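The lines below spell out each chain.
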Amino acid sequence: MAVYEVFSHPEVRRYKTSICSKASLMMLFILALTFIPPLFVVYRSYGFWRKTDYYREYPDIHFKRELLLVLELQEEGNYVTYSTFQKYNQLQNKHLRVPLITSRETDTNRDGKLDSLIFNLEMPLLDSENVLGVKLILIFDYKLHQFSSLTMEGIAYANYDAIKPGGKFEILGDLRVNQKEPIGYRGVDNRYNTSVIDSTSVYAESYDFINIFKSYTSRNLTTYLNAPYMVWSTGRGASQPFVISATINYAEEQFLYTPGFWYLIKWGWVQYVSVLLIFLFFFDRVKVFIYQNQLVPTMVEKPWREEKMK
Amino acid sequence: MAHIRDDQTCLLQILCIIFVISVLNQPCYAQTTTVAPAPNTTTNNNTTETPTNSTTSSSTQAPTTTTTLPPTTLGPLQSPSRVPINTDIGACDCDLTANSCDINCCCDIECSTQDKQAFVCLPSSLTVDDRLCFREEVFLFENSQYKSNVTSEKLFCIYFDNYKQRNYYQEPDLVQSIQTFEDYTAKYAGPSFQTARSYTVDTFTYNSFYKFGDPIYIIYENNITQTLGVPTSTVSRFCNDQNPAAYLKDQNLECVRQITDLFTDCMNPGLSAATYYLGFRVVKTPGLFGRVVNGSFVDVTTTTTTTTTTTTTTTPTPTPAPTPGNDTNTTSISTSTSTVSASTPSASTTPTASTTPTASTTARPTTTPTLVNPSVIYTLYNNTYTTAISLDPVQLCRQADGSLTSCSIQNSPSYSNATRTCSNAVEEVRYTVLTNGTYGIESVSVQFVLTNITSITSTKGALQKTRITFRAANVQANETVSRSGNPGYVTGKPILAGTLVTNTSNAVTSQNIDLGLDGSNWLTIVKPSMNGECVNDSNQRVSVKFREDMRSGCLLRINYTTVNSTAICSSIQQLIFDILEANQLSMYVPVFGNVDVFKVGDWIPIINNRPSQQNSVGTTCRLVLGMNMQVLYANVGSLANPQAKILGVAFIYDSSRDLTYTCVGAFCQSGNLGLTQSFEISQTVSFVDVSQPAIKYVGEPPIFIARVPNDFFYPFVFYSSAASSPVIGVFSIINLLMMSVMAIFAFAFS
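Heads up: the protein sequence lines correspond to chains A and B, in order. Just so you know, the first sequence maps onto residues 1 to 310 in full-length UniProt numbering. Just so you know, the second sequence maps onto residues 1 to 750 in full-length UniProt numbering.
Derived by calculation from the structure, the hints in this document are not laboratory data. Any given hint could turn out to be false.
[Claimed, not checked] Cut-off 30 Å, straight-line C-alpha distance, at most; resulting in silico cross-link-like pairs (DSS-like, lysine-lysine):
(1) A/Lys113 to B/Lys249
(2) B/Lys249 to A/Lys214
(3) A/Lys94 to B/Lys460
(4) B/Lys545 to A/Lys214
(5) B/Lys154 to A/Lys214
(6) B/Lys465 to A/Lys135
(7) A/Lys87 to B/Lys154
(8) A/Lys214 to B/Lys187
(9) B/Lys545 to B/Lys493
(10) B/Lys164 to B/Lys154
(11) A/Lys214 to B/Lys527
(12) A/Lys87 to B/Lys493
(13) A/Lys214 to B/Lys164
(14) A/Lys135 to B/Lys460
(15) B/Lys187 to A/Lys113
(16) B/Lys249 to B/Lys164
(17) B/Lys249 to A/Lys94
(18) B/Lys116 to B/Lys465
(19) A/Lys214 to B/Lys465
(20) A/Lys164 to B/Lys460
(21) A/Lys87 to B/Lys164
(22) B/Lys187 to A/Lys143
(23) B/Lys154 to B/Lys116
Being a predicted model, the structure only gives us computed values, none of them experimental.
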């Protein structure tokens, strides 16, 4: 007749001792060896505290309908310019010319956030004027909501210089973010919600490209136009305007941020416990070995009576 | 749409209904309450509202005719049609030509079947993604023009949709009034190209005064108000004359005056001195424009004489507000009680306006004292509160050799056909504005640097500089001493240097430092001339700025015959030393930027390792060709506000090199030995920070055996940027507590 194990359950064997004894000391020592070394293992393998982390967010971008445009003409020192800033236009009265601007922002996937800007500008020019270069600043409103409630003003700068007089300049690109330091994980961040171009100023230095960029690049979070595909088309045709057409896509961005306290604790805990489990398993075996073989003297309390075994 | 393939999963479907209805209904109900704009509800009940075409017709008519007519006959007879509820109304949005078949539009009813066969069908309309459940086996095959497509493979789908509105827009009412329109735009409109709708006009009162950064106003003889222009470059390097001068903002501007044809451009007003100081007067304080209301000059004298003459004669102090910082004038006002003419602070400068008998009898329109006394302003152009720009006693002219000499002013340049030169063109305009607190500008003077533009130099355009400096009126120009720091040197400021002067008078020896007249002969390094050659000229040198490393050099041209002689070699070496040192070897440099010239002890001599021996080896000169000016400095004072102190300045000479005359091919022929070769003389400036750390000697801290790395307790510790170690104090206890809690949790978990 075959014998099989119909049921099994573990029994608890208790080892008892006084507080001041070798067994207590041994237990304290083993506990310390179990819980503290995992901390060092986890820390030494780097990445214990996740001080910075990445997340992705689709920013809320609006073209602010503000721009500054300079068309460099062929004659030395001659240029045609326009901006949506009245004070700048007053400064440039001789070189000022008013273009026709059309712009629209589309939300192709209908998720409530704008996906791209389609911008078109026609600058009327005399037939004697030849455009050799374009400098264009478009100003955007940039908002983040997921972690830090960030609002800032960013620019897209397109610069092109050609050797042949052009008739049309096309820009295809993305509005990207350049981040120098992590953003916060909560709170309102309005540090960069200031005008890139001080439109209230009547002084020429406020509208100098170098001064604009100097203050802009000193910011830790800036936008830039990533447009490797710019097309300069020659041949304008008599009495035709110079056309700038741009399609600027608003891209989902990866942001570096400083996580909050509980995020740090959570990942610290996950790492610590995963290493701790190995130590617990190993030192449990060590403890069983030590106390089972009575390497330190203890009182053994068995869950069954001796006489029953006989 | 998700598929639930068998009927046995009815339990799942019920679950799905409950889930969908509970999840989807709630936000939809919330939408109905929030989306409808508040103003819309009021216009909603008004059924007599007319569509937009009626408003255009009513606007062309006189408003009286519209009011007499009954309101029912005013608008169109039909009421605006409404969109059917919960219906996709754009069934065929590619049908854009009425009564004709649209190419590629298969849903166009005007298209025949033969047409459609030649088409590539456009998607007719977007289907609403309602995520409804359907059984796949119901459809054996699909041959209709509509396509069913599975949009979700997720666990749940909608079994019964009792809330169709969630897939359809609400239809707002037509906007009939400008108020509703503006309510909508205020709530929903983003940025637009429209410039500011309201134009704000700068308003001035008699109490207005200039503040830092305000534009300085000028008034031309025809009473046109403008701002004082200081030409600067904007987009190109060429001059833009529209840039106004900013009050109390010292500026050094430069731009290039474009010259295409010298004869015609010589007449360019930008090149004539008269443009910059004649024909206009500078507004001393914008309180003057208190007399300008709605763009026109208000003559208050005729209206107010009758009303308040008695009050002014009885009250002895009809004076303007005492201007701060002008103590002498305020005392004179309080003593001179009877005459109003002395009431204006600068009445002495323009006596014509205030000594007229009408002025003494004229009352001020306001009883409260103001900064500007309007009773002395008769014209906007010529009054006490404007000033003409005076000429500086010294006017300068640039000579042909580049030096500046004093000369008389020429108001406009003149073109000489013989020499093809535009002479007396403005090269530099230097305005000096004396200011006095809230009173504004006291006086403006101008100094010109005139130059001759030849047809050769004009091809690149003429560089024009404008300098405007502001000074307090009560401080003389020669009393001010410019500092390079107070006390520590400021980065970018020139390093002072002077010579030690020992005076012996009455057997008392005193020493002081002679700093020279201007900064041009302080610590300087060599600057090459236009063709790169060395010039031994103290005016052609570049000053050394604190903490700015520099490198400059120039070319020394020598030929074969010169490098052969020892005597000539040593004279060349002496020339190189003269070029590099420019008499600075015996100079003294102050340790701080504000050291007094009489505290000689705080001036340190420049040390050097100048080699004494120069020798020629064979056919070559062995010469020292370069020098490094080294400045050691250290930050002193508090860590939060470090002050840079110069510890020492040394001239470190390069080791001598053989000046080999290399000749190749034709240059080695005996006839060509007189040809010159160029050797570079270089001069560099370097700054070395030798700041000593804050704590120099401190007892060794006790070593913790359980020392943890810097960021071990990162989330629990505050890090300060200055200190390199984390602030572990009270926090360390918290750390240990937290760690032990962690350990206890882990223990309980095990």
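Do the hints match the structure? See the list:
With a C-alpha separation of about 45 Å, the suggested pairing of lysine 113 of chain A with lysine 249 of chain B is violated against the 30 Å cut-off. The straight-line distance between the Cα atoms of lysine 249 of chain B and lysine 214 of chain A is roughly 20 Å, inside the 30 Å bound, and the hint therefore holds. Our distance criterion of 30 Å between C-alpha atoms is met by lysine 94 of chain A and lysine 460 of chain B, whose separation comes to about 21 Å. Restraint check: the Cα-Cα separation between lysine 545 of chain B and lysine 214 of chain A comes to about 22 Å, which is no more than 30 Å; the hinted pair holds.
For the hint linking lysine 154 of chain B to lysine 214 of chain A, the alpha-carbon distance of about 51 Å lies beyond 30 Å, and the restraint is violated. Restraint check for lysine 465 of chain B and lysine 135 of chain A: satisfied, since their Cα atoms lie roughly 26 Å apart, inside the 30 Å limit. At roughly 57 Å between alpha-carbon atoms, lysine 87 of chain A and lysine 154 of chain B are farther apart than 30 Å, so this suggested pair is violated. Between the alpha carbons of lysine 214 of chain A and lysine 187 of chain B the distance comes to roughly 35 Å, so the proposed pair goes past 30 Å and is violated.
Under the criterion of a C-alpha separation no larger than 30 Å, the hint pairing lysine 545 of chain B with lysine 493 of chain B is consistent with the structure, at around 5 Å. This hinted pair checks out: lysine 164 of chain B and lysine 154 of chain B have alpha carbons roughly 21 Å apart, not beyond 30 Å. Proximity of lysine 214 of chain A to lysine 527 of chain B is assessed by CA-CA distance (about 29 Å); at most 30 Å being required, the pair is judged to hold. Between lysine 87 of chain A and lysine 493 of chain B, the direct Cα distance comes to roughly 34 Å. Violation of the 30 Å bound is thereby established for this hinted pair.
Of the pairs offered as hints, the one joining lysine 214 of chain A and lysine 164 of chain B is violated, with about 55 Å between alpha carbons and a cut-off of 30 Å exceeded. For the hint linking lysine 135 of chain A to lysine 460 of chain B, the alpha-carbon distance of about 24 Å falls within 30 Å, and the restraint holds. Between lysine 187 of chain B and lysine 113 of chain A the alpha-carbon distance is near 17 Å, which keeps this suggested pair within the 30 Å criterion. Pair hint lysine 249 of chain B plus lysine 164 of chain B does not hold up; C-alpha atoms about 67 Å apart against a cutoff of 30 Å.
Between lysine 249 of chain B and lysine 94 of chain A the CA atoms are separated by roughly 26 Å; this keeps the pair inside 30 Å, and the hint holds. Simply put, lysine 116 of chain B and lysine 465 of chain B have alpha-carbon atoms about 75 Å apart, too far for the 30 Å limit, and the pair is violated. Taken as a hint, the lysine 214 of chain A and lysine 465 of chain B pair is honoured in the structure, with Cα atoms around 23 Å apart against an allowance of 30 Å. Between lysine 164 of chain A and lysine 460 of chain B, the direct Cα distance comes to roughly 23 Å. Compliance with the 30 Å bound is thereby established for this hinted pair.
With a CA separation close to 53 Å, the supplied pair lysine 87 of chain A and lysine 164 of chain B exceeds the 30 Å bound. Note on lysine 187 of chain B and lysine 143 of chain A: the hinted pairing holds, with a Cα-Cα distance of about 18 Å set against a maximum of 30 Å. Annotation: proposed proximity of lysine 154 of chain B to lysine 116 of chain B is violated, straight-line Cα distance about 37 Å (limit 30 Å).
Checked against the numbered hints given earlier, the structure breaks hints 1, 5, 7, 8, 12, 13, 16, 18, 21 and 23 and satisfies all the rest.
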